[in-house]
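Asks: The chain contents come next:
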Amino acid sequence: MSAILESTTIIESFKTRAEAVSAQVQRVATKELALELIVRLLHQEGVEEKPQSHAVWASCRMIGPVEKKKLEAAVPGIRFDVTRELAADAKVGISQLDWALANTGTLVQTADAVDQRLVSTLPPVHIALVSTAALLPDLPALLTRVDPRKSAYLAFITGPSRTADIERVLTIGVHGPERLIIVLVDDLEVAA
Amino acid sequence: MNKEFKQSIIDALANPNLTGALGNFSVAYRAGRAKAYEGIDFEALRTQIADVKSSASSHFDELAEQFARVAEARGTKVFRTNDPKAVKDYILRLAQERGVKHIVKSKSMATEEIHLNKHLEKAGIDVQETDLGEWIIQLAGQTPSHMVMPAIHMTKEEVADVFSDKVEDGQKPDIPKLVKFARGKLRPMFLNADMGISGANIAVAETGSIVIVTNEGNARLVTTLPKIHVAIVGLEKLIENFKDIAPILTALPKSATAQLLTSYVSIISGPVPNTDGTPKELHIILMDNRRNEMAHDPRFKQALQCIRCASCLNVCPVFRLVGGHVFGKVYTGGIGTILTAWFSALKESDEIQSLCIQCGNCKDVCPGKIDIPDLILELRRRLAVEQGQPMIQKAIFSVVNNRRLFHTMMRAASIGQIPFAKGGFIRHLPMFLSNMTENRSLPAIADVPFRDRIKKIKQPKCTEKAAFYGGCLVDFAYPEMGEAVVKVLNKAGIEVIFPEGQTCCGAPARYSGAYEVAAQNGADNIQALLAEDVKYVVSACPTCTVALKHDFIANLESVGRTGELADARRLSEKVVDFSTLASQLLDQGRLKFKAGIEPTKFTYHDSCHFKRTLHADQTPRKLMKQAGYELVEMEESDMCCGMGGSYTIKMPEISAPILERKLVNIEKAGAPLLLIDCPGCVMQIGGGLDKRGSKIKVEHTVQRLANCLE
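Chains as they are written, first to last, in the numbering used here: chain A, 1 to 192; chain B, 1 to 710.
Some clues are possibly wrong.
Between beta-carbon pairs, the in silico distance windows are [stated by the list, open to error]: (1) A:Lys69 - B:Thr278: 29 to 39 angstroms; (2) A:Asp89 - B:Lys301: 21 to 31 angstroms; (3) B:Lys301 - A:Gln24: 45 to 55 angstroms; (4) A:Ala141 - B:Glu386: 21 to 31 angstroms; (5) B:Thr278 - A:Pro65: 41 to 51 angstroms; (6) B:Arg187 - A:Pro65: 51 to 61 angstroms.
By construction, these hints were calculated from the structure, which means they are not laboratory data. Cβ coordinates follow ideal geometry from the N, Cα and C atoms, glycine included.
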């Protein structure tokens, strides 16, 4: 894995591909910096404690009770108790993804838990955290690491939701998020 | 031809929105697809897909069994049936038992195939399509015109009108606003639905998984929000191993929409929790509807390698003119013609199979490696067997096969002695040699055919012999092309003989589905061409060359005349097209270019059979560049010119605009000379340019090359 971690070309390739499909990509060295960045982003998006202004954060390994408390204090309107109603009303969804594919700019996760899908489908903005070390070159590399027998819902996300169904004109944001912000975090562990 | 069908073609051609949108799209698609496949070995990739899918269709029963076993072990309910009605009943019963009032659907061609929505709506259930294109056509009361882009035939103005009419007044033709509007209107429907229905792009037997590919994100909502998820999966979606989803997922988005990957891929392998914590009820219906029967048909089995990317539509010169609706209500384009013949009825493909001009573009891009044009010919053949050959067609073939009589009649027609174009006669002629179209001038029929002219040519003493196969066009219309072949080969020390027993190459019969006639043509030619011991059998017509080299064998095989196959193969080995032979002779030093040839700009048109069956397209380019000529490529040089043998007569409305586009591209290239390796294309394009008063000179490569050699 260290070889992959060291590889700046694979990171560059991922960034290029993801940006080519209208995702925004940021990279930070540590988990703490990632959380700071997210707080800034949520403030920018106008997340607050009122209808249609919440941020919903699906359960994830990188934050525990202590971080949650801090985040709730920093951003009123942030919610970790994701429900269908909250997600449908929220401005921003946040989740941690398990893998990323460099040659297509794709994020991949085991999304059996429904909150993972609610926060990444219903709100107009999705912030996706992923470990830099979870970057893989391509789909065949991923397929040796995931097993559908252990996961009932594997989800791949490549850029925001899009359509070209009217006159072949590309339009971003149909049923899913219209913006996807990917945050690569260098010191996050990779999914088992 | 049925009047209604003809009218649907004429209406489509007269719709500038349709032809404009599709015409522009086909250009953008070609470039986008090429970019998406950059750095990928497409041949290797599609061979992998074809192998995976072909192996699966050899074991549908076992794979379906395995899929059901694995999926059921995890709590999925799997229903298998051959009967479309049973699928509809199963879903309706399930909906009624669970008190389902509202259903949201993501895109599924399988449900279109069985007209599921109508069935559910009749029972009072609300069914909403959620793919934007599908929603638009559902609101408009139409059917999809394209497998991937169902509403590609509509403009934003039409969409705005449909939205205003059916959903909410006052919608403006502003695409981002229309998309936002759809999001806003469909969102509550997702949240309120009791059942989600999806299709699947792949089903994996090993893991009991279905793979769903979308861009809009609607499939994620359909499979997440309602408590019941029903997926309808055609058997052809089955593959054996999980790892084999990789080549399909690599090719599908690139071929379908020129994307590296779609926005979303969902791999569902069992029920997941609902938002209220209850487990989702997951039903997967494996639908046969004659797919297994197809898998047992030695010719059509390969059609099950289709991954429904619709690239065969996107590159089709006919589809981009007429759109999808003339093909029918469900599956459209080349593969659609084949699927309609199987999933609906053979006779339903009777009219639409005639839309195919046999250019072979689709075969080149098919990620499932399906020989779509060949399967369409096979449909033609089966239709001819089922319905019999029309009397008039039989009469025509007897004329065509008698070369002297044919020439006499052609001569008479060309000087206006018989009203050739009248009645049904002309429609069935193999080609073209009479004066009947408005869009191009036609060549004069030669007073003396090539078969008589060659007798007067004094040939030097040679050590090698080649038999020349003329074909009707060189023999009767362009004998000068034949003379140029003799001139070049003589320079290389090859004597050219013209076996008198040669007859029609059988292409007209084959392309009409009359395989018995075609096989007999082949047998007569084999005998004539093998009578004398020659080193080469050379032709200057790619359609004839393909017939001699490949189709004689195929035709004899298809009618069971196996005894003649050995000779057919012996002939095949000797057959070579003119440019390829010339290139070999130059490489061997038996031909030499003259010194000091004036550098002339030329552009080159790729004839369909020459490029896509003989794969000789680079040879004439190389030859002429070696001679000192300068090549200026035209746009879409390998797009069909609209000739297609008798297509120009059977479908003049479609042939004319195809030619028109070709002529514009030739003129835009700006070269004073156009070279082509096919006399049929020379006739079509030369006639078209002449009618426009163009100064561009059109020649067969052999005519130009003959003057460039020492």
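Asks: Verify the CB-CB distance for A:Lys69 and B:Thr278 against the hinted window 29 to 39 angstroms.
Replies: holds, 31 angstroms
Asks: Could one say that the CB atoms of B:Lys301 and A:Gln24 fall in the range 45 to 55 angstroms?
Replies: holds, 47 angstroms
Asks: Within 21 to 31 angstroms or not, the Cβ separation of A:Ala141 and B:Glu386?
Replies: violated, 51 angstroms
Asks: Indicate whether the distance between the beta carbons of A:Asp89 and B:Lys301 respects the range 21 to 31 angstroms.
Replies: For B:Lys301 against A:Asp89, whose Cβ atoms are near 52 angstroms apart, the range 21 to 31 angstroms is violated.
Asks: Does the hinted range 51 to 61 angstroms hold for B:Arg187 and A:Pro65 at CB?
Replies: violated, 33 angstroms
Asks: Could you tell me whether the CB distance from B:Thr278 to A:Pro65 stays inside 41 to 51 angstroms?
Replies: Violated, since B:Thr278 and A:Pro65 (Cβ atoms, about 28 angstroms apart) do not stay within the stated range.
In this structure, the earlier hints numbered 2, 4, 5, 6 are contradicted, and the remaining ones agree with it.
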